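A.B. asks: Spelled out, the chains give:
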Amino acid sequence: MKLLALMVALPLLTAFLLSVINSISTFAARWAGPVVLLVTAAIGLSAWPHLGDTPQAVQWGGFQAPLGITLYADQLALLFALAITIGALLLWPGRGEDRTEEHPDDHSRNRLRRASLALLLAGTGSGLALSGDLFNIYVFYELLTVVSYGLIAGRGTSGSFAATLRYLVISGFGAALALAGIALVYQAAGTLNLAQLAQLAPERLNNSQGFAAFVLMLIGFGVKAELFPVNFWVPEVYATASSRVSALLAGVVSKLALLIIMRLLILVFHQPEALTVLLVLGVLGVASGELAAWRARDVNRLLAFSSIGQLGVMFIALSIPGNAGVLAALAVAVHHLFLKPSMFLLAERWGGSIKGLAGAAKTSPLGAALFVLLALSLIGVPPLPGFWAKLLVIMPLLALDQPLYYFAAFIVLAAAALEANYLFRVVLTLYDKAPAATPHKAHATVDLATAVFLGAGLVAAVFMLAPLAERFDFIAAQATDVSTYIQTVAPLSLESGSVQ
Amino acid sequence: MSMDIIDSNLILTIAAVGLMLIGIGGIVISNHLVRIIFGIALLEAGTNLLLLLSTYHPEASAPIIVDGNVPALMADPVPQALVLTAIVIGVGILALALSLAIRVQRAYGTLDMREVRLKLEQEISAEAGVEMPSSSHAPAGVPAAAVTAAVHRVTPS
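Chains as they are written, first to last, in our numbering: chain A, 1008 to 1507; chain B, 16 to 172.
Since the hints were made in silico from the structure, they are not lab data.
Take these hints with a grain of salt, some might be off.
[What the hints assert, rightly or not] Below, a sample of chain B positions facing chain A; criterion: calculated Cβ distance under 8 Å:
#: 1; residue: Ile42
#: 2; residue: Leu115
#: 3; residue: Ala122
[Claimed, not checked] Only part of the chain B face toward chain A is listed, based on derived beta-carbon distances under 10 Å:
#: 4; residue: Ile29
#: 5; residue: Val32
#: 6; residue: Gly33
#: 7; residue: Ile37
#: 8; residue: Ile39
#: 9; residue: Ile55
#: 10; residue: Asn63
#: 11; residue: Ile80
#: 12; residue: Ala101
#: 13; residue: Gly105
#: 14; residue: Met128
#: 15; residue: Val131
#: 16; residue: Arg132
#: 17; residue: Val145
[To be verified] Taking CB as the label site, the calculated pair distances span:
#: 18; chain 1: A; residue 1: Gln1216; chain 2: B; residue 2: Ile102; range: 22 to 30 Å
#: 19; chain 1: A; residue 1: Gly1069; chain 2: B; residue 2: Pro92; range: 15 to 23 Å
#: 20; chain 1: B; residue 1: Thr28; chain 2: A; residue 2: Gly1075; range: 25 to 33 Å
#: 21; chain 1: B; residue 1: Ser114; chain 2: A; residue 2: Leu1045; range: 30 to 38 Å
#: 22; chain 1: A; residue 1: Phe1239; chain 2: B; residue 2: Glu146; range: 18 to 26 Å
#: 23; chain 1: B; residue 1: Val32; chain 2: A; residue 2: Thr1283; range: 44 to 52 Å
#: 24; chain 1: A; residue 1: Phe1239; chain 2: B; residue 2: Gly124; range: 16 to 24 Å
#: 25; chain 1: A; residue 1: Ala1427; chain 2: B; residue 2: Ile44; range: 39 to 47 Å
#: 26; chain 1: B; residue 1: Val32; chain 2: A; residue 2: Leu1398; range: 44 to 52 Å
#: 27; chain 1: B; residue 1: Leu36; chain 2: A; residue 2: Pro1056; range: 49 to 57 Å
#: 28; chain 1: A; residue 1: Ser1026; chain 2: B; residue 2: Ile102; range: 21 to 29 Å
Model, not experiment: these values are computed from the prediction.
Idealized CB from N, CA, C, for every residue including glycine.
With the sequences and hints as input, model every part of the structure.
C.D. replies: The following block contains the structure:
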């Protein structure tokens, strides 16, 4: 299982070697990235069945936790590590249009840069998913953020620079808050190893200092997870970055931040107030996101706001105590993981105003049909997977029998009605008889093929509902099993921070 | 003796939180991009100080064992290693932020965050071919065609 460390190390190594490889052979540099991602994905997939029996911990350099750095792999962590690896491969930003290149040298140099950044994204994303140590999580999170700055600004328009700068300001703010939260945790517990924190949390962090640390980290990591008050960057970035980058950020990277918050909730923070904060911010996220999406007049920002709404549903799901919350958040997250990148790929050529899409179904009937399917699943029309994901959120919300949770369930249902309204507006425009003045461009074959592939995944899920539900149940149960986490990492019972 | 420790820790903690608050204030209140970036730098400095203080003890010596002599009171090296990492990341991000600010200034001719926001909004709307959503920041009655002129292309140097 030590091989799992390669999921982090290989893409990082290749990313930095890429320009060296390029000076030897441009052909090798072109294919090195995708090949390495294929290899790391294969490593991850081969480890998948083993993790079904027992989760694995890797101690880097052989130092026992908490002295060494721990990677912890259960099926939940591996699922998201695979998602970022395969996502970077499918949405490979090394290809695709670039607006500023005029010279062929610029073209290959830009492609090389984007390939390096995509590899860094995969490596740091896997690292973030697999980390079993709070400070490593912070470092990987920061690296992931810096890589996304590069990918967004890489488009080279003035808008992308301005959007990146505004994103950087809010991210810098969030990162500092998260670090302050980590400082509070370390001050209280004297360790940052998640397994050891899980041991010490009931005694040392179940107080107001622990709650303050949670709120700081929630806001900090929430920046990337499009959490309600710190998400103004979302529409700006998704409207100015290239579609593939938006697809990666909205589809996969936001879920990685969600995974961190999920882990912290399961292992460290057990305060009931923490769940209330999540619930309130989730409800506000759903309401503000869906209303803004309803008002949006161009496709990219519509998708961006709807993504805020979906992430809000995931936060609401996380606020359900116990196993059911993790299961619901996981189901909505995986559904969104397939759906949103596919929609952003379709938006590649449909990026303009919604009105301008009139009659676009004639030029690309397959794209339009796929959009209808995705829209139906996003709204939650049975038997599509979106319906089951939403059911998993709403049923436990109602079962809790508390006014605030009832209200959340109502908001999620009302959001579905709004989603239906604005998505059907797009669908009706697509199938409009009178075509728009400007002719529509057909989708690039690769984009359409990738989008159809992701959509086919959703359709396949309809036919494999029973085994999928069973698997999700298992993953959630495995993730919420705190004692297995502690036993797997088996931290030495060191009393660190004994100077006090 | 222990009073001194409490006092120095308390003063340093107040300083750390104060730095963080000044930084947050700078980010929230200021509209000048360079001041906002300085705000981030101050916030990070305060956070780093807070992290160092999490196990600070004025009497502690470096955790190095020389000739088998174990110091009675050793400083915890973990927060120091963490702060070192955080400083390096912070410097890198600061440099990136300033270089992006230069690019934005070249493209939009301003370093005022409100104007940057407005011009960004205009550029996105113009590129998408939709009118600006009604906003209190938007000048009233500007036709969409005039907004199109606001779109700039920046060529990489």
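A.B. asks: Just pull the numbers of the violated hints for me, sorted ascending.
C.D. replies: 4, 6, 7, 11, 23
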